[in-house]
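Colleague: Generate the whole structure from the sequences, applying the supplied hints.
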Amino acid sequence: EAQVTQNPRYLITVTGKKLTVTCSQNMNHEYMSWYRQDPGLGLRQIYYSMNVEVTDKGDVPEGYKVSRKEKRNFPLILESPSPNQTSLYFCASSFLGQDNQPQHFGDGTRLSIL
Amino acid sequence: AQSVSQHNHHVILSEAASLELGCNYSYGGTVNLFWYVQYPGQHLQLLLKYFSGDPLVKGIKGFEAEFIKSKFSFNLRKPSVQWSDTAEYFCAVGGYNKLIFGAGTRLAVHP
Numbered sequence: 001e002a003q004v005t006q007n008p009r010y011l012i013t014v015t016g017k018k019l020t021v022t023c024s025q026n027m028n029h030e031y032m033s034w035y036r037q038d039p040g041l042g043l044r045q046i047y048y049s050m051n052v053e054v055t056d057k058g059d060v061p062e063g064y065k066v067s068r069k070e071k072r073n074f075p076l077i078l079e080s081p082s083p084n085q086t087s088l089y090f091c092a093s094s095f096l097g098q099d100n101q102p103q104h105f106g107d108g109t110r111l112s113i114l
Numbered sequence: 001a002q003s004v005s006q007h008n009h010h011v012i013l014s015e016a017a018s019l020e021l022g023c024n025y026s027y028g029g030t031v032n033l034f035w036y037v038q039y040p041g042q043h044l045q046l047l048l049k050y051f052s053g054d055p056l057v058k059g060i061k062g063f064e065a066e067f068i069k070s071k072f073s074f075n076l077r078k079p080s081v082q083w084s085d086t087a088e089y090f091c092a093v094g095g096y097n098k099l100i101f102g103a104g105t106r107l108a109v110h111p
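Protein chains in written order, with our numbering: chain A, 1 to 114; chain B, 1 to 111.
Take every hint as true, because none was put in to throw you off.
Okay, the calculated beta carbon distance ranges per label pair:
(1) B:A16 / A:K65: 46 to 54 Å
(2) A:S67 / B:S26: 31 to 39 Å
(3) A:E30 / B:G28: 21 to 29 Å
(4) B:L56 / A:T86: 35 to 43 Å
(5) A:T5 / B:R106: 20 to 28 Å
(6) A:E30 / B:A16: 42 to 50 Å
(7) A:K65 / B:F72: 34 to 42 Å
(8) B:L56 / A:I77: 41 to 49 Å
Think about it this way: if two alpha-carbon atoms lie no more than 27 Å apart in a straight line, the pair counts; the simulated DSSO-like pairs of lysine-lysine are:
(9) A:K71 / B:K98
(10) B:K98 / A:K65
(11) A:K57 / B:K98
Examples of chain A residues toward chain B, derived with CB under 8 Å:
(12) G40
(13) L41
(14) G42
(15) L43
(16) Q45
(17) Y48
(18) G58
(19) F90
(20) P102
(21) Q103
(22) F105
(23) G106
(24) D107
(25) G108
Since the hints were made in silico from the structure, they are not lab data. From the three backbone atoms N, C-alpha and C, an ideal C-beta is built for every residue, glycine too.
Modeller: Right, dumping it as structure tokens:
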């Protein structure tokens, strides 16, 4: 089954404790992206990657890191989480092509930073 | 600046009522337009998309949207909503490497 898998689904942690949210896709997609969803703001892009070892900032990259060492994985790293990073996070993937392919989304990770 | 504006933040309808959700965008270059739906507790799912051609696009579950280039709009419509359409709806505009989402519209359909 084609899917984007995120882990964990829920996490409550404290300020400053490093955490990683994993994202894996099994569709051989080149493009992967992280979004955060906040009430009234929709989804905002954090980082994206167009292929292995190729990453770039989205609209709200501050406080986040990513890596793309393998095509299927695109982890999101919060080195020193802060309460303003409490949010719902979605990973997405798609093929690159002449048109922007609809992105496949994971089930989301709800982070609470205390 | 690139942006997407959804005018209705909350919509409440009775079953069988007609639905129209507004979406206006500001985007330079070739426009690809999408509507996504997010059912409670679930991830986003694609309802429909417009890349080129017929500006009236039909999607899943009886939804359709019309691209009006002169108005920079891509409104979502459904002639008769059901309780199961209760969800949040997001309009998005995309280029080569990113999607820009609107703030979303929460739709509640009462039986």
